[in-house]
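**Q** As they're listed, the protein sequences go chains R and H. Start counting the first sequence at 526; every next residue gets the next number (the working numbering). Start counting the second sequence at 82; every next residue gets the next number (the working numbering).
To be clear, the hints were calculated from the coordinates, so they are not data collected in a lab. Some hints here could point you the wrong way.
Claimed, not checked - Under the rule of at most 30 Å between Cα atoms (straight-line distance), these lysine-lysine pairs were calculated in the DSSO-like manner:
no. : chain 1 : residue 1 : chain 2 : residue 2
1   : H       : K116      : R       : K540
2   : H       : K107      : R       : K627
3   : R       : K627      : R       : K542
4   : R       : K637      : H       : K212
5   : R       : K538      : H       : K116
6   : R       : K581      : H       : K107
7   : R       : K540      : H       : K154
8   : R       : K538      : H       : K154
9   : H       : K212      : R       : K538
10  : H       : K212      : R       : K540
11  : H       : K142      : R       : K542
12  : H       : K116      : R       : K637
13  : H       : K107      : R       : K540
14  : R       : K581      : H       : K142
To be verified - DEER-style ranges, computed between Cβ atoms:
no. : chain 1 : residue 1 : chain 2 : residue 2 : range
15  : R       : G628      : H       : E268      : 50 to 56 Å
16  : H       : S186      : R       : P633      : 57 to 63 Å
17  : R       : P633      : H       : D122      : 57 to 63 Å
18  : H       : P288      : R       : S611      : 28 to 34 Å
19  : R       : W610      : H       : V187      : 47 to 53 Å
20  : R       : P654      : H       : V187      : 16 to 22 Å
21  : H       : L118      : R       : Q653      : 35 to 41 Å
22  : R       : P585      : H       : D150      : 53 to 59 Å
Unchecked claim - Chain H regions said to be covered by chain R (calculated; three or more residues, Cβ under 8 Å):
no. : stretch
23  : 190-198
24  : 224-238
Just so it is clear, CB atoms sit at the ideal spot from N, CA and C, and this is done for glycine as well.
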Amino acid sequence: MQSINERPSDDTKSKLKSLVDVLPFSERIPRRSDDVAFDKAWEIRAFSMTVALHEKLGFPWEDFQQELIAAIHVWESRQSDLSEWSYYERWMAALEELARTKGWVSTPELDKRTDEILAQPRNAHHQQPLREPVTVVSAEGKA
Amino acid sequence: MSLEHDIHPSPGIVPRSDEEIAARVKAMEAILVEKGLIGSDAIDYMSSVYEHEVGPQLGAKIAARAWTDPEFKQRLLVDATSACVEMGVGGMQGEEMRVLENTDSVRNMVVCTLCSCYPWPVLGLPPNWYKYPAYRARAVRDPRGVMAEFGLHVGDDIEIRIWDSSAELRYWVLPQRPGGTDGFTEEQLAALVTRDSLIGVADPLTPEN
């Protein structure tokens, strides 16, 4: 069974920091009190997926670095407003390209699955408000 | 040239809404996991390093205000959605939120038994364990045991209520103000409020720790 309260080891964070430090435009990475910061759940997920893939599959981190440089250049060459880019949006574009060139996930495959996910209503099975507690354990242990 | 382009469409610049890009990230993860290239647990592990970064700062601020301003607390317990708007928390998109008050005789704990419904704008990103089947099932069957696993030992003289968050109605807990905090400012109090205490699986910190 999964342990409910597992915490990452201390060295994981410093390892992640050294990966982030070598990325292009790393001064543009959103930060709070010097630490990498995220505003949306998908940002943290895209970030974690990339570093987990690097760790698990052992591809050189430079490969991702290069894709990210290219993804940012694509933006710069096509957009007139250069200040308007989002770091993690470009991050995801780079990850897609990396996954395509490594043969992990093709673009049509990703498009198709994305459409399927968008077609599902959000929390399809959990829409009703539940206004009473689901469990009450009374005082003195009597349920 | 154009054939090449058709075979490998450039990911270039496709303007996407936040919802679309979130779905894309989810799709990528699902495919990678299905192909056995990576496990969800490895991704969970990496994101748990940063989950506090999207943490419960707003929820902590709101709890601290409720501890220092009895009228605000009343408004919060009666209509949490409006009281949170008062504190600058929006983006609930019509979803209702309710705050459950812990007292000397009642403790509350929040779970989403089906998925991972969570009061996001207030508490940030849910911890990974909130999504685990172990938590979702056991919180309902054996709440005292789950609380104990988090280091929270609740006496038999206290009633425990478990609330099931859904997409339409999301819960969070107003913990009891810790002792030894007389004269604390709202800011000092907010620093004592942890994410786990707002879910109901822990007490807030005390001035000593």
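**Q** All hints, please: hold or fail.
**A** Each hint tested on the structure:
no.: 1; hint: H:K116 x R:K540; result: 26 Å, holds
no.: 2; hint: H:K107 x R:K627; result: 19 Å, holds
no.: 3; hint: R:K627 x R:K542; result: 25 Å, holds
no.: 4; hint: R:K637 x H:K212; result: 26 Å, holds
no.: 5; hint: R:K538 x H:K116; result: 27 Å, holds
no.: 6; hint: R:K581 x H:K107; result: 19 Å, holds
no.: 7; hint: R:K540 x H:K154; result: 43 Å, violated
no.: 8; hint: R:K538 x H:K154; result: 38 Å, violated
no.: 9; hint: H:K212 x R:K538; result: 22 Å, holds
no.: 10; hint: H:K212 x R:K540; result: 26 Å, holds
no.: 11; hint: H:K142 x R:K542; result: 29 Å, holds
no.: 12; hint: H:K116 x R:K637; result: 16 Å, holds
no.: 13; hint: H:K107 x R:K540; result: 25 Å, holds
no.: 14; hint: R:K581 x H:K142; result: 39 Å, violated
no.: 15; hint: R:G628 x H:E268: 50 to 56 Å; result: 52 Å, holds
no.: 16; hint: H:S186 x R:P633: 57 to 63 Å; result: 59 Å, holds
no.: 17; hint: R:P633 x H:D122: 57 to 63 Å; result: 28 Å, violated
no.: 18; hint: H:P288 x R:S611: 28 to 34 Å; result: 40 Å, violated
no.: 19; hint: R:W610 x H:V187: 47 to 53 Å; result: 49 Å, holds
no.: 20; hint: R:P654 x H:V187: 16 to 22 Å; result: 21 Å, holds
no.: 21; hint: H:L118 x R:Q653: 35 to 41 Å; result: 37 Å, holds
no.: 22; hint: R:P585 x H:D150: 53 to 59 Å; result: 55 Å, holds
no.: 23; hint: 190-198; result: holds (count 6)
no.: 24; hint: 224-238; result: holds (count 7)
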